[in-house]
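Colleague: Sequence:
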Amino acid sequence: MNIVLYEPEMPANTGNIGRTCVATNTRLHLIEPLGFKLNEKAIRRAGLDYWPKLDVTVYSDYEEFLERNPGAKIYMATTKAPQVYTDVAYEPDCFIMFGPESRGIPEEILLENQENCVRIPMWGDIRSLNLSNSVAIVLYEALRQNGFDHMQMSGKLTRYEWK
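Residue numbering for the sequence shown is 1 to 163, as defined by UniProt numbering.
None of these hints come from the bench; they were simulated from the model. Some clues are possibly wrong.
Stated by the list, open to error - Heads up, simulated DSSO-like pairs for lysine-lysine below, C-alpha to C-alpha not over 30 Å straight-line:
id, residue 1, residue 2
1, K156, K53
2, K37, K53
3, K53, K41
4, K41, K73
5, K53, K80
Predicted, not measured: the structure shown is a model, and the values here were computed from it.
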């Protein structure tokens, strides 16, 4: 799986998303400009000691991302999509793109990919969910659809044992 952040603005969100990517063996793709530096303390704090284990690639712009990932199946998460994120079948090597916190993926890009745009349903006039929460919701649905391939499926208690 691949998570793509188009021009992310908040280092704490990107750090949290990086930690989620490490926990799910998912690649993270960052499209510049970024609203922060990758060595910022806020990223390290949110990503904890997971950040060095992250498979991350940075691109100078959207065009470079497309050039370096030819033929990639890209789903675009947006509050503007008519299709719900659970209505599509995610491929194991797909890319799921999210836009910047303040404005989302540009509408020009969405229109070029409208059949692959998905949304998370929300109640009322809420503008959007937190970016790192949105990534986790959609990513885990994609992983579920693919049988949580190679993921640890059982937990272990520290002091006791499950019956």
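Colleague: With reference to the structure, classify each hint as holding or not holding.
Modeller: Against the structure, the hints come out as follows:
Our distance criterion of 30 Å between C-alpha atoms is met by K156 and K53, whose separation comes to about 23 Å. Proposed proximity of K37 and K53 is supported: the alpha carbons are some 18 Å apart, at most 30 Å. A threshold of 30 Å between alpha carbons decides the hint, and for K53 with K41 the separation of about 17 Å falls inside it, so the pair holds. This hinted pair does not check out: K41 and K73 have alpha carbons roughly 33 Å apart, beyond 30 Å.
For the hint linking K53 to K80, the alpha-carbon distance of about 33 Å lies beyond 30 Å, and the restraint is violated.
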